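*Asks:* Here the protein sequences line up with chains L and H, keeping their order.
Using my numbering, the first residue of the first sequence is number 1, and each one after it goes up by one.
Using my numbering, the first residue of the second sequence is number 180, and each one after it goes up by one.
Simulated from the structure, these hints should not be mistaken for laboratory data.
Since this is a predicted model, take the numbers as computed values, not measurements.
Careful, some of the hints might be misleading.
To be verified - FRET-style restraints, in silico, Cβ to Cβ: (1) H:N238 <-> L:R57: 28 to 38 Å; (2) H:R309 <-> L:S164: 52 to 62 Å; (3) L:P54 <-> H:F280: 35 to 45 Å; (4) H:T205 <-> L:I75: 25 to 35 Å.
Note that CB positions come from ideal geometry on N, CA and C, so glycine has one too.
The lines below spell out each chain.
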Amino acid sequence: MPPRLKLFLPVALFVLLAAFLFRGLSLDPKEMPSALIDQPLPEFTLQDLHLGTPITRSDVVGEVALFNVWATWCISCRVEHPYLQFLADQGVAIYGINYKDEDEAARRWLTDLGDPYRANIVDTTGSLGLDLGVYGAPETYFVDAAGVIRYRHVGVIDERIWRSRLEPIYQELQREVTP
Amino acid sequence: MKLFSLILVLVSSSFFAAGSVAVIETYEFSSPELQQRYRQMSAELRCPKCQNQNIADSNAPIAQDLRRILYEQLESGSSDSEILDFMVSRYGEFVRYSPSFSGATAVLWLAPVILFLLAGLIVFISLGRRRGLADQPPPELSEQEQQRLQTLLNKAERDN
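I would like the entire structure built from these sequences, with the hints used as guidance.
*Replies:* Here it is as structure tokens:
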């Protein structure tokens, strides 16, 4: 290498480093891929919040559906609730997983704010949450018609995120059902 | 003196307070060996919620859950690798502070070794070059240069 070009080496290194750091600014470390992507929805036998009867995996799989982990203690869940209602009104199948919550408070929440869920699975101890790798609420799992988890969204679902990222995934899963 | 002892009490009580927050719950183990393994593994498992803490240090609900599961599985006789598999199948390699070696973690594991070797190579080459320069005899002066040197030396002597 000519000695003149060698002088530019520190600049080149700096630019490279800056590029990596700049990229790092727009990465969200909280956005981790779920370990359950392309794995079947775990087996469970829990209670249905409204009916009080047992609800199992076979009751909820068979169509493309969203499994929304929520709780009344979760403030962000209240934020996303109206949009879930909107999606449910559009015909999106949403099941609720009431995570580490009190049944009475959960039922009151759904009476007061509306109920976008096909059914609600009561997960008081967080056992289903553990099998799903849930580490907070809200989280939403996209399950295809065969009962396989295809995507996990951590955090609030709002119109912007639905339009830009989640709707294409949902449409893709729907297309697989009716080719 | 009174003030000093008051400060001492305040400072030491704040230490105790910090300690009581860190130890969140206690488990009774059937053997000291299990307790030792619990301590080891809860330090190696990473809290998925707080990201830069292990589950032993974290107060997050999910860390509490994982500690309880760790305790239950240890008491029921699971091996360390069975417990790790259980955690990894749910939370991914992310929950381990020392993830297993695989295609995705190869860079993580190999980077220090490669960087170390690279640094060694650079030091070796640059030292070698410097030694090479030192070993060379100084270049011979040409006839002209010799003459010029002589006149300069002479001039310097005269000026003195």
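*Asks:* Take the hints in turn and mark each one as holding or not.
*Replies:* Hint check:
| no. | hint | result |
| --- | --- | --- |
| 1 | H:N238 <-> L:R57: 28 to 38 Å | holds, 32 Å |
| 2 | H:R309 <-> L:S164: 52 to 62 Å | holds, 57 Å |
| 3 | L:P54 <-> H:F280: 35 to 45 Å | holds, 43 Å |
| 4 | H:T205 <-> L:I75: 25 to 35 Å | holds, 31 Å |
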